[in-house]
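Based on these hints, arrange chain B on the given structure of chain A.
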Amino acid sequence: MLQFIKKIDFRQNIVYVGVVVIFALFAIMLGGKGFTSTVNILNILRQSSIIVIMAMAMTFVIGSAEIDLSVGSIAGLASVSTAMAIARFGLVPGILAGLAVGAICGIVNGALVAFAKIPSFLVTLAMMGVTVGVAQWITDSSPQPILDKGYNFVFGGGQIGVFPIIIIWAMVFFAFGVTLLNRTRLGKYTLAVGANPVAAKYSGINVKRVRFGVMFGSAMCAAVAGMLYAGRLQSGRYQWGSGDEMNVIAAVILGGTALSGGRGSAVGAMAGAVLMAMINNGLILAGLTSAQQQVVRGIIIVLAVALAKRNNRS
Amino acid sequence: MVNSTQPVLVSMSHIRKSFSGITVLDDVSFEVKSGEVHALAGGNGAGKSTLMKILQGVYSLDSGQVTICGTTFNGSVSIAEARQAGVGMVFQEFSLVPTMSIAQNIFMGSEKLQGVFLDKQAMNRATVQLLNRLDVDLHPDTEVGELSTGYWQLTEIAKALHANARVLILDEPTASLSATETQTLFDLIRNLKSQGIGIIYISHRMDEIRQIADRITILRNGRNYLTSDLDSISDEEIIAGIVGHQTDNLSKRESRVCLNDEVLLKLDHLHTENGVENVSLEVHRGEVVGLAGLMGSGRTEVTRAIFGVDRVTSGSMTLSGKTYSPKRPQEAIANNISLVPEDRREQGLFTGHSVCDNLVITRYDECERAGLLSNKSIETLVDNLVKGFSIKVDDTKTEAYRLSGGNQQKIVIAKWLGKDPDLFIMDEPTAGIDIGTKREVLDQVAKLAEQGKGVLFISSELSEMVAVCDRYVVMKHGRTVGELPAEGINNEADLQLAIQHSGTLNK
Numbered sequence: 039m040l041q042f043i044k045k046i047d048f049r050q051n052i053v054y055v056g057v058v059v060i061f062a063l064f065a066i067m068l069g070g071k072g073f074t075s076t077v078n079i080l081n082i083l084r085q086s087s088i089i090v091i092m093a094m095a096m097t098f099v100i101g102s103a104e105i106d107l108s109v110g111s112i113a114g115l116a117s118v119s120t121a122m123a124i125a126r127f128g129l130v131p132g133i134l135a136g137l138a139v140g141a142i143c144g145i146v147n148g149a150l151v152a153f154a155k156i157p158s159f160l161v162t163l164a165m166m167g168v169t170v171g172v173a174q175w176i177t178d179s180s181p182q183p184i185l186d187k188g189y190n191f192v193f194g195g196g197q198i199g200v201f202p203i204i205i206i207w208a209m210v211f212f213a214f215g216v217t218l219l220n221r222t223r224l225g226k227y228t229l230a231v232g233a234n235p236v237a238a239k240y241s242g243i244n245v246k247r248v249r250f251g252v253m254f255g256s257a258m259c260a261a262v263a264g265m266l267y268a269g270r271l272q273s274g275r276y277q278w279g280s281g282d283e284m285n286v287i288a289a290v291i292l293g294g295t296a297l298s299g300g301r302g303s304a305v306g307a308m309a310g311a312v313l314m315a316m317i318n319n320g321l322i323l324a325g326l327t328s329a330q331q332q333v334v335r336g337i338i339i340v341l342a343v344a345l346a347k348r349n350n351r352s
Numbered sequence: 244m245v246n247s248t249q250p251v252l253v254s255m256s257h258i259r260k261s262f263s264g265i266t267v268l269d270d271v272s273f274e275v276k277s278g279e280v281h282a283l284a285g286g287n288g289a290g291k292s293t294l295m296k297i298l299q300g301v302y303s304l305d306s307g308q309v310t311i312c313g314t315t316f317n318g319s320v321s322i323a324e325a326r327q328a329g330v331g332m333v334f335q336e337f338s339l340v341p342t343m344s345i346a347q348n349i350f351m352g353s354e355k356l357q358g359v360f361l362d363k364q365a366m367n368r369a370t371v372q373l374l375n376r377l378d379v380d381l382h383p384d385t386e387v388g389e390l391s392t393g394y395w396q397l398t399e400i401a402k403a404l405h406a407n408a409r410v411l412i413l414d415e416p417t418a419s420l421s422a423t424e425t426q427t428l429f430d431l432i433r434n435l436k437s438q439g440i441g442i443i444y445i446s447h448r449m450d451e452i453r454q455i456a457d458r459i460t461i462l463r464n465g466r467n468y469l470t471s472d473l474d475s476i477s478d479e480e481i482i483a484g485i486v487g488h489q490t491d492n493l494s495k496r497e498s499r500v501c502l503n504d505e506v507l508l509k510l511d512h513l514h515t516e517n518g519v520e521n522v523s524l525e526v527h528r529g530e531v532v533g534l535a536g537l538m539g540s541g542r543t544e545v546t547r548a549i550f551g552v553d554r555v556t557s558g559s560m561t562l563s564g565k566t567y568s569p570k571r572p573q574e575a576i577a578n579n580i581s582l583v584p585e586d587r588r589e590q591g592l593f594t595g596h597s598v599c600d601n602l603v604i605t606r607y608d609e610c611e612r613a614g615l616l617s618n619k620s621i622e623t624l625v626d627n628l629v630k631g632f633s634i635k636v637d638d639t640k641t642e643a644y645r646l647s648g649g650n651q652q653k654i655v656i657a658k659w660l661g662k663d664p665d666l667f668i669m670d671e672p673t674a675g676i677d678i679g680t681k682r683e684v685l686d687q688v689a690k691l692a693e694q695g696k697g698v699l700f701i702s703s704e705l706s707e708m709v710a711v712c713d714r715y716v717v718m719k720h721g722r723t724v725g726e727l728p729a730e731g732i733n734n735e736a737d738l739q740l741a742i743q744h745s746g747t748l749n750k
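Chains A and B, in that order, are what the protein sequence lines are. Per our numbering, the first sequence starts with residue 39, numbered consecutively. Per our numbering, the second sequence starts with residue 244, numbered consecutively.
In isolation and in its complexed conformation, chain A is listed as follows (with noise of 0.2 Å):
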């Protein structure tokens, strides 16, 4: 058992353990506000459900070195897109009309990142402009509403007793994502480009191949965020995700997967959304107000992230 707890790499496994600690902590100290009642878990899971979909997709991107910074405004794109096809077209239409938002975005992304070798830091922060941007003029800045109750009830309104659907969304992406990144070549292969892709290509992979896979996953990710965000919120609006491409960001660093790329967890990337939704749930029990849940927010977030940064080599 000792042998055990030595050979666990603390520093690395750090969301875990903030995980557990944060829990005790909230539930000793907010326990009677119902912090660890059913209703109020289920409700932690629901909020992390989105960034967690984003999450899975976010720590290949990372784990191969690169960056997506669009991942919101795609999601918000996606989610217009969807609301109005819906509205003129109906619901078929409009889950395709959300999805294609996706794979244009992604197929713009990945050839500008594998293809003409731009950097992807910059790529997709013209992406978050431009997809903001259209998102605002097709729709005038104005809400669209979606009536359609079999949309928004499977994607991510409804409820299954108290279980939310939009909490399976995230169970079946967390699921894949573990798959992919752990028992696939697939997976192996974007943490060989991210460690060294000189290495990689070397080694036979096709570099190009993984970096706009990793692209494209992650706006037909965020698509799917969009979508998700459109049916619990009945409607399409193009402030849906915005933001959330550092949320996501976070929620996968935290996670211990390597900034520089390279590494990567997809189970820590869900655990590290879930601890960021926590704390925000519990900083509203605890009465904190918006403002100064973001400052608590963003020290936790440093003070994890600086305590799993392992020593230098050697």
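Be aware that a few hints might be false.
Claimed, not checked - As a list, the in silico DSS-like pairs of lysine-lysine whose alpha-carbon atoms are at most 30 Å apart:
| no. | chain 1 | residue 1 | chain 2 | residue 2 |
| --- | --- | --- | --- | --- |
| 1 | A | Lys155 | B | Lys570 |
| 2 | B | Lys296 | B | Lys640 |
| 3 | B | Lys436 | A | Lys246 |
| 4 | B | Lys662 | A | Lys246 |
| 5 | B | Lys436 | B | Lys565 |
| 6 | B | Lys570 | A | Lys246 |
| 7 | B | Lys509 | B | Lys619 |
| 8 | B | Lys509 | B | Lys296 |
| 9 | B | Lys509 | B | Lys565 |
| 10 | A | Lys246 | B | Lys640 |
| 11 | B | Lys296 | B | Lys436 |
| 12 | B | Lys640 | B | Lys619 |
| 13 | B | Lys570 | B | Lys662 |
| 14 | B | Lys635 | B | Lys296 |
| 15 | B | Lys619 | B | Lys662 |
Claimed, not checked - Beyond 12 Å from chain B on every Cβ pair, some chain A residues (computed):
| no. | residue |
| --- | --- |
| 16 | Ile133 |
| 17 | Gln174 |
| 18 | Ser179 |
| 19 | Thr222 |
| 20 | Tyr227 |
| 21 | Leu229 |
| 22 | Ala296 |
| 23 | Asn319 |
| 24 | Gln330 |
Claimed, not checked - Calculated from the model, a selection of chain B residues having no Cβ within reach of chain A, i.e. all distances over 10 Å:
| no. | residue |
| --- | --- |
| 25 | Leu373 |
| 26 | Glu389 |
| 27 | Asn467 |
| 28 | Arg528 |
| 29 | Ser557 |
| 30 | Asp608 |
| 31 | Leu616 |
| 32 | Asp637 |
| 33 | Thr641 |
| 34 | Arg682 |
| 35 | His744 |
Simulated from the structure, these hints should not be mistaken for laboratory data. Where a beta carbon is used, it is the ideal one built from N, C-alpha and C, also for glycine.
Positioned in the frame of chain A, the structure of chain B alone reads:
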């Protein structure tokens, strides 16, 4: 010749050091005199780097005493103290900023100022003085990135001298230098010697130690094995000291007249976008072809073309009689070609990834069960490779950077061996590894040929070429200029002569 009355610059006595219970240095003593080149040799893991890191102040010591230029440290030396006392390190992996000028690099961290502004003139003047002292004619404003590796090293040395180093540690300084650059470096070392600088020279290359060193200290298993003047020690004794009990020299492989006349690879008047200008050669099954030539003659570029890294601009390649024009390494691999690349750390390894990940990277397709990777079959595959190639590692989850150079190189070779390639290209497969491991690698090359594979072999150490090659193709300036059978090439001198005299000397 070192006068015995020369002052001692560095004296390390009775040094002990252990890492988590494992003794790495056990009562080791070492000294360097002013104006002396002192070679430090020993197999991988003998303790050379640890000893040097203690001298530089990177590691603390458990017990012992270090004296640097008259200052005695009872206990550990800090990095700043070591530098202050006069220890200069020329890094194996260069520590220069390529986008800055020579002067900026030399003065990094100790910039000359005029008020709050940089005094560029003064720094340039001082740099010119330093470079003059080294007999080099370079402009101080030249960007380091534009210089060849030989000059990088020189800039490093200048930087160390600028910090008033009186003892320089050179760790495998010729690993990335051509023959001419090596001679320039040796001239420079002689020049520094005459200025009273003491030099610690770490190298695996016997001929260089012979050429440049005055004394040699050999460490074995963390202990002093011997210290001797080079004049009074034979090559055999040195090799015995480094290798341990295996004392036989690299012996020449029984040369094989190609029993199997099947041409595996044929290059016909090949030109590429990157430095190959008219190369024609053949590799038959069952033979080891040595691609000979000086550093920069285009040897590596030929391997890049065959492996699909560089584009072919004219000429053709055929593989087993079929036209072969790879666009990327995957296509070369699909055609059963493997390459052990020149730069192990940059091209061959994922240093931050585990030994296991590194070994299996080329073979994930064999470990899939129903579309998913099976950890069990990965484990089996890796265990077989680790055992089959005696890679020394306790746990295959250890990151590759923690391993010694020799074991790292074994990984790079082992990751391809299991793919059972028809053509194995090896570019400097023995760079920076000890003699024991070297022999294992060369045995492996011979075995591949016996199995009917074709091997294209490149090494800057001619003795290795002589040991394994059945035939030589000589290159110069990106062209093939001659071909020789192994008969008649019995030692390094023969091969060196052949390389020098093949083709026209247009220099």
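Right, here's what the structure says about each hint:
1. A threshold of 30 Å between alpha carbons decides the hint, and for lysine 155 of chain A with lysine 570 of chain B the separation of about 18 Å falls inside it, so the pair holds.
2. Distance check on the hinted pair: lysine 296 of chain B and lysine 640 of chain B sit about 26 Å apart at the alpha-carbon level, within 30 Å; holds.
3. With a C-alpha separation of about 51 Å, the suggested pair lysine 436 of chain B and lysine 246 of chain A falls outside the 30 Å cut-off, and the hint is violated.
4. About 24 Å separates the Cα atoms of lysine 662 of chain B and lysine 246 of chain A, which keeps this hinted pair within 30 Å; it holds.
5. Proposed proximity of lysine 436 of chain B and lysine 565 of chain B is contradicted: the alpha carbons are some 58 Å apart, above 30 Å.
6. The hinted pair formed by lysine 570 of chain B and lysine 246 of chain A meets the criterion: a straight-line CA distance of about 13 Å does not exceed 30 Å.
7. Using a Cα cut-off of 30 Å, the hinted pair lysine 509 of chain B and lysine 619 of chain B is violated, with the two alpha carbons roughly 40 Å apart.
8. Pair hint lysine 509 of chain B plus lysine 296 of chain B does not hold up; C-alpha atoms about 48 Å apart against a cutoff of 30 Å.
9. A C-alpha spacing of about 10 Å is found between lysine 509 of chain B and lysine 565 of chain B, which places the hinted pair at or below 30 Å, so the restraint holds.
10. Annotation: proposed proximity of lysine 246 of chain A to lysine 640 of chain B holds, straight-line Cα distance about 28 Å (limit 30 Å).
11. Taking the CA atoms of lysine 296 of chain B and lysine 436 of chain B, the gap is about 23 Å. The hint holds against a cut of 30 Å.
12. The hinted pair formed by lysine 640 of chain B and lysine 619 of chain B meets the criterion: a straight-line CA distance of about 14 Å does not exceed 30 Å.
13. For the hint linking lysine 570 of chain B to lysine 662 of chain B, the alpha-carbon distance of about 20 Å falls within 30 Å, and the restraint holds.
14. Restraint check for lysine 635 of chain B and lysine 296 of chain B: the C-alpha separation of about 23 Å stays at or below 30 Å, so the hint holds.
15. Distance hint between lysine 619 of chain B and lysine 662 of chain B is fulfilled; the C-alpha atoms sit about 19 Å from each other, no more than 30 Å.
16. The claim that isoleucine 133 of chain A lies off the interface holds: its Cβ sits roughly 27 Å from the closest Cβ of chain B, which is beyond the 12 Å cut-off.
17. Chain B leaves glutamine 174 of chain A outside its interface by the beta-carbon criterion, the shortest separation being 41 Å against a cut-off of 12 Å.
18. With a cut of 12 Å on Cβ distances, serine 179 of chain A stays outside the contact zone with chain B, its closest approach being about 45 Å.
19. Non-interface status of threonine 222 of chain A relative to chain B is broken: a Cβ of that chain comes within 12 Å, the nearest being about 6 Å off.
20. Not every C-beta of chain B lies more than 12 Å from that of tyrosine 227 of chain A, the closest at about 8 Å, which undercuts listing it as non-interface.
21. Not every C-beta of chain B lies more than 12 Å from that of leucine 229 of chain A, the closest at about 7 Å, which undercuts listing it as non-interface.
22. Under the 12 Å C-beta cut-off, the non-interface status given to alanine 296 of chain A relative to chain B is violated; the minimum distance is some 8 Å.
23. Once the 12 Å rule is applied to beta carbons, asparagine 319 of chain A is consistent with being away from chain B; the minimum gap is 35 Å.
24. With a least CB separation of 39 Å from chain B, glutamine 330 of chain A remains clear of the 12 Å interface cut-off, as annotated.
25. Separation of leucine 373 of chain B from chain A is adequate, the least Cβ-Cβ distance of about 30 Å exceeding the 10 Å criterion.
26. At roughly 21 Å, the least C-beta separation between glutamate 389 of chain B and chain A is larger than 10 Å, which holds for a residue marked as non-interface.
27. Every CB of chain A is more than 10 Å from the CB of asparagine 467 of chain B (nearest about 25 Å), matching its label as outside the interface.
28. Here arginine 528 of chain B stays apart from chain A, with its beta-carbon at least about 23 Å from theirs, past the 10 Å limit.
29. Under the 10 Å C-beta cut-off, the non-interface status given to serine 557 of chain B relative to chain A holds; the minimum distance is some 24 Å.
30. A Cβ of chain A approaches the Cβ of aspartate 608 of chain B within 10 Å, the least distance being about 7 Å, so the stated non-interface status is violated.
31. The beta carbon of leucine 616 of chain B is not kept farther than 10 Å from every beta carbon of chain A, the shortest such distance being approximately 5 Å.
32. No beta-carbon of chain A is positioned within 10 Å of the beta-carbon of aspartate 637 of chain B; the least distance is around 13 Å.
33. For threonine 641 of chain B, the shortest C-beta to C-beta distance to chain A comes to about 13 Å, beyond the 10 Å cut-off, and the non-interface label holds.
34. Even its closest Cβ contact with chain A, about 25 Å, leaves arginine 682 of chain B beyond 10 Å, as expected for a residue assigned away from the interface.
35. The non-interface label for histidine 744 of chain B is consistent with chain A: the shortest C-beta to C-beta separation is roughly 34 Å, beyond 10 Å.
Hints 3, 5, 7, 8, 19, 20, 21, 22, 30 and 31 from the list above are not met by this structure, while the remaining hints are.
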